[in-house]
Each structure stands twice: as C-alpha cells, then as structure tokens.
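A.B. asks: Chains as they are written, first to last, in our numbering: chain A, 5 to 315; chain B, 957 to 1439.
Certain hints may be false.
Stated by the list, open to error - Here are the simulated DSS-like cross-link-like pairs (lysine-lysine), alpha carbons at most 27 Å apart as the crow flies:
(1) B:Lys1292 - B:Lys1192
(2) B:Lys1350 - A:Lys123
(3) B:Lys1350 - B:Lys1218
(4) A:Lys123 - A:Lys83
(5) B:Lys1210 - B:Lys1258
(6) B:Lys1218 - B:Lys1258
(7) B:Lys1107 - B:Lys975
(8) B:Lys975 - A:Lys9
(9) A:Lys205 - A:Lys138
(10) B:Lys1210 - B:Lys1199
(11) A:Lys9 - B:Lys974
(12) B:Lys973 - A:Lys9
It is worth saying that the hints were derived from the structure and are not from the lab.
Residues per chain are reported as follows:
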Amino acid sequence: MADNKRIDDATGVETVGHEWDGIEELNNPLPRWWLWSFYACILFSIAYMVAYPAWPLISKGTEGMLGWSSRGALAAEMKEEQAKRGEVVAALADMPIEQLQGNEEMMRAAIAGGRAAFKVNCVQCHGAGAAGSKGYPNLNDDDWLWGGDIKTIETTLQHGIRQPGDDATRVSMMPAFGRDGILTSAQIAQVTDHILSLSGKAKANAAGAALYEANCAVCHGAEGKGMREFGAPNLSDAIWLYGSDPAAIRSQIHAPQHGVMPSWQGRLDAVTIKMLAAYVHSLGGGEDFQEQPAADAAAAPAEEASNEQPQ
Amino acid sequence: MNNPSKVTAPAPAPLYKKKEPVFNRRIDGPFRRFKWAVMILTLGVYYITPWLRWDRGPYAPDQAVLVDLANRRFYMFGIEIWPHEFYFVAGLLIMAGIGLFLVTSAVGRAWCGYACPQTVWTDVFQHVDRFFDGDRNARLKLYKAPWGPAKIARRLAKWSVYLLIAFATGGAWILYFADAPTLFREFWSFDAAPVAYATVFVLTMTTFVLGGFMREQVCIYMCPWPRIQTAMLDEKSLIVTYKDWRGEQRGSLKKAQKEPEKYGDCVDCNQCVAVCPTGYDIRNGPDIACITCGLCIDACDKVMKDIGRPRGLIDYATMEDCKAEAAGEAPRHWFKALTHPRTLIYTAIWSGIGLALLFALGTRSHTDLTVAQDRSPPYMLLSDGSVRNAYTVKLRNMESRPREMKITIEGLAGAMMWTDDMSRDNAQRELVREVPADETLPLRVYVLVPDGTQGQDFAFTVTSMDEQAETDTVETKFTGPGE
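Go ahead and model the full structure; you've got the sequences and the hints to work with.
C.D. replies: See below:
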C-alpha cells in the first residue's frame, strides 16, 4: 500500500495510497482543534461513566455517583403525573358517582382513567374492546343483566358476581332443570321452542308456554323480559350470553353455566372503581341513572335528588 | 534486517495542523458594499420579523411570523398551517433546497459568500476585531505580542462584545416561537419557560464559538455544504477565478517594469490574501476555502487601477469563459452565461413547486373532517337486533372564529347517529355542533342501522353553516354481523 503513495500534482499534498476506480484520497492533516475536541469527548465519557450507571458487572452494573437510574426517573415521572391528577382524583373520591353524569369535565377525566384501568384489569375476560365473548358479557351493548346505570355498574364492580366471601355480591342461581330431573328432555325442547318464539325465532309452542309459565316466569318474567334484581337475562331480545341456537339454549336449561366476576373492592381503590364504572357506562350502552328503584330504596333511602339527567 | 540509516522514506506528513489565524484587511469596493447590503438585509429580516404584527381577529395570535409549537400552528402573514398540512412546510423546504441548487448552478457559492449565517456573523465579528484591535497589521502585532495586562484587557473587552452579539443572536431566535413582546418581557422578569433560557444559552454559546473563534474552520472542515457544492459546480458555474494566463509570471512591480515581456499583471502584492475572510490564496485555484465573497476582486481591482492595468485579474468567471478568454475570444454576455440548461431546469422545478403550493394554498378548504371507525369491536348487536358501529369523527375548523358545522350521513338507508354526550333517543341523520375557533372538535359518533341491514360503505359529510358553506366528505364503512 505504502508504495502507492504519491504527491498530488494539483495540491502538492501526499495521497493516502488507496485508489478506487481512479479516485484517490489526499492525506490532508486534521485540524488541531479536532484533536482537542476528541480529547474533550474522552474526558466527557470518563466523567459520564463516573456519574452515571455504566459498567455491567456480574449481578448488577455500576450505579454512578449521581444515583440516577431509569427506574428512578420513571418513578419520579409517575409521581409527578399522579400529583398532577391528584386534584381530579380527590374530587372523584368525594363525588357520589351518580353526580358524574351532570359533570362533563369530571366524566371525561373519569372515562380516560377508566380506559387505562380497564386495559389492566378487565380485558382478560371482557376483551380489549369490551365486546366480551361467549359467557363473558359484552359491555358495549344495551343489554344489562344487573342494570346499566352508572351506580349499578359501580356496585357490580365493587362486589362482583357470585364472588365467594363477599356478602354483597350479586348472586343468582338458575336451577339445573335437566340434570336435577325437574324437566324431561322433551319438556326442555318445548320450553326452548317457546323461548325462541319470544324473539320470533320459532313458532309458538303452547306446551312450552305452559311449562315456561310454571317454571321460568318467576325470574324471567311472563314475557321473558328478564328481571334485573335477580340478574335474570332478557330472553326476548337479540343478545344471548351463552348462544342463541336451540342446542345452546337447551344446554343452558339442562345445566346452566354461571359466570363469576371478582369483586374489585379491596383490589382496586374506590376512585379507580368509579373510573371503571364511568368508562363501561360510556361504551355506548350506559343507561341514565334514575331515582333508586324500590328494591334498593332501603339501602340508600335519602338520595339527594341532584342527579340531573343529560338530555 | 533493514539498516535504519538506509531508510530514505520522506518524513511523514504531519497528522494535525495548527489553525492559522486570519487577520483580514479592510477593503472597500463594489463587492464589499454588496456584502454590507446583504448583511444589513439578512440581519434586519432576522431581528425585525418577530416584531411584525398581523391582525387575525380575537381567536388567533397577532404575530406575523410565528411557529406556535405548543398549539401546533405555523403562522406566516396571511397563511396558517396546521400539522396535517405540513406538506406546505415540506414544499417550502424543498423549494429552499432547489433554490440553493439554482443559485449554485447560476452564481456558484453566492450563498456561502454573502447570505450564509456563518458568513454574516463571521463578518460581524471580524468588524468587532477591527474596531478593538485595528486593521490587519495591528491585529497581527497584538496576536504575536506576549500576554500582558493591556492585551488581556483588550481581549476581555472584545470577547464581552462577542458574547453580547452572540446573546442577541440566540435571544432573537426564541421570539419566533412565542408572542415576541410577551416573551421579551417574561424573559427579563425570569418568567419565561426554562426551554427559552436553555435555547438562548445554547445558541449564544454556539454563536460565540462558531462566529468568534471557529469562523472559516466551519466552512473548511465542518460544513457539508461546500462538499456538496464541489459536486454541483461545473464549468458553467460562476466562481471567483485568478486569471493565471494574464497574471503569471508574477513578480514585483519593480521587476515587471524592468522586464515587462517576462512578467504578467500580478505584482504579487498579496492583497487578495490579506483581505480574504478565510485567509485563502485564490491564486492557487478554486478550493473549499474560497466562499466566493469577491473581496479579493475588490482588492485586486484597486491595485490594478493603481498600476494602470485593466481590472479583473481576479474576477467572477465560469471555467468555460476562462478557457475562451485565455484563447483570446470575446467574453459572453452575462445573461447567456446564466441561462444554461441546468439553471433553466432548476428554475422550472423551483417555480413549478412554488406555483403548485400557491395553488394548493388558494384552494384549500378551512373545514376538514376525519373519520376513524372502531376496530374493536367492529360492530355491536343491540338487544332489539339493530346493529351499531362507533366512529371517532373529528371536525376541524381552520378559521379563526367559531363556526357551526353540520355533519350528515350520506347513504346507509335507515341509519341514525348520536354522540356519546347525548341519548340514543335523540338520534338523527344529521347533527350540528359548534366548533371553537381554530380548533378540532373530536366526536364519538354511534351509527345505528335497523335489523337486517347489510354492512356497506357510506360517507360522512361535514358542511360549515356559514356563507362559505365549505364541505368535506369522508368515505367509511359500516360493518355488519357476519363480516
């Protein structure tokens, strides 16, 4: 290589001795200040290694004299964010949830917080879009087993459904009509026909109607509209938690499946539960909060009538 | 084994080169005056622009040129650019780039010589040098003098002025990003945002170092533009040229008078080097160090006049013209020299983009609609068998006054819509919302179709309910069960 070095005619500068397709490089000296900035960078890197975490060791790296860590930075940022939200959180904590509905600003804040909490706690069963799946209710629609106003949703969240150990949990048990020998298979088929006829999916079945009247109407209502105080589903609408085909309905009458939702009180703080309720309520099926229905009136008698309904 | 004494290789070239200080002499002449004019113009534009006002009504800032990062708006006189219209800014940047190509292909490194901030500020700082330390010889003398109280005092005074200029440079920069009078007040009462102080500090220090000390080193070693330009210059580009066929053999005036047939016009007075702001000797030929500011032309012309020779021994010329002139041909008209295919093509592209931008600017609507359909879940079956889709609809009001806007469903028979802040009972086929001035109003819109409707394409249309009646239509999709 070295023997290819030559003095360039035009500039009088020596070439470095490499040549690519006739292109050569002049060996011009670097400016001295470049060297100084190079040394400055080396000094900086040494200072940086002393000040900040740098060297990987066997169990952990060096920590640096400034004590900085990315975890610490994250914690500080989270704390800062939490402090920023503190005002809203405090206001939410003091506010009865049914008052949220008249308060656009707080409602938006609660929904935003609920959206985040939903992704952590709820999507495992209800799905990322809260659309549920077979056996796990869809939270976007307008069909609610236990009620869809914001207060009721909050109660469901607090105490769960069929949650062992929570006295206030929502409980309903449909008898296993087939397995326990209450109805025969033929009778179950007749009842199934009647149920399907309620939503126009089958022709009327007089025998089924009679059986329904005797066995089912007490919870599901004479017209199959369901009863929310027992969590008894509406059988006359288009939404079926365990499937709408005759086999699925027969199976549910024979030996019903009962879903369980955990009670979140104790796992999540009250504000988060409120936020979750607001979010679920906002998904498109939320119902307006009404004055306490008679069944719950004893539990909360003196409701301050400040819950104005939007629209 | 080689005997070291027999190694005859030449001593290796030094790896590093010390910076040679430049003490450029004062010169007056047409190019120097042009340089003054450009300096006054560029500095004037830089310092005055943020203070210009432009009335945009009560809902928008009244600063003529404002880059409002916090609210994501870019104001330039009558034009307001939103983030989604950033292609206007991209277009301007492309025009600036092609404009540089155009200038380079027509008049060479005119940007470097006159308009580049590095050149302008270096020029300012060199005048500060001259003010404090005198002209070339005095500065050279002071540079070589040992450090003593007098020299230290002079240097400190000069560097303080450097710092003041640098601070004024960095300080003016931030005024483009907020309301200038307010920020100016806040800056001095220490109420401005920390980023303002940080920006001023960084720009002050870079100006101080790059303009006060690095100067021509930036052009020769740091800046990528001279390197790109060396590739863009050709034999048709104007460059500053020493006409060696006329100047050589160079020699002192005395020698030349003794033997006029042996010597050329160059009397080797070195004035071209003495006035050069980068300290380059143009007689060595074109080089990255030559920023083509033309000061050597001024200096040489003066000398030529003094010794009674025609001007232009050093002059702006294309290499093609030089060749012709050396061969004794008549010079071309300057207009002909400028209009070669490359400049014409660049001009065409540049003005084409400019016209397209102007056209787009003139015809753009100040009402805009975006629609995003919910993907999870794609559709929702309701208890009465009807099907609901959810959309995030954004109404954009780009006027600086609040406007009523009507959003309607086009197609999708039987569909009704409502937003999440109203009840389904009030669902309609059109909704009216007031969109605040200069803002985007996001709406969560539910669209409901009766049982049995198939999934299909449809559109949302927004119409501004004022005399402009601007509309925007966005096609979207309704997803039904079983899709």
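A.B. asks: Taking the hints in turn, state whether each one holds.
C.D. replies: Hint check results:
1. B:Lys1292 - B:Lys1192: holds, 10 Å
2. B:Lys1350 - A:Lys123: holds, 24 Å
3. B:Lys1350 - B:Lys1218: It is violated: about 82 Å lies between the C-alpha atoms, which goes past 27 Å.
4. A:Lys123 - A:Lys83: Answer holds: Lys123 of chain A to Lys83 of chain A is near 21 Å, not above 27 Å.
5. B:Lys1210 - B:Lys1258: holds, 18 Å
6. B:Lys1218 - B:Lys1258: Answer holds: Lys1218 of chain B to Lys1258 of chain B is near 23 Å, not above 27 Å.
7. B:Lys1107 - B:Lys975: Answer holds: Lys1107 of chain B to Lys975 of chain B is near 20 Å, not above 27 Å.
8. B:Lys975 - A:Lys9: This hinted pair holds, its Cα atoms lying about 26 Å apart.
9. A:Lys205 - A:Lys138: holds, 20 Å
10. B:Lys1210 - B:Lys1199: holds, 21 Å
11. A:Lys9 - B:Lys974: holds, 24 Å
12. B:Lys973 - A:Lys9: With Cα atoms ~20 Å apart, Lys973 of chain B and Lys9 of chain A stay inside 27 Å; holds.
Going down the numbered hints, you'll see the structure goes against just number 3.
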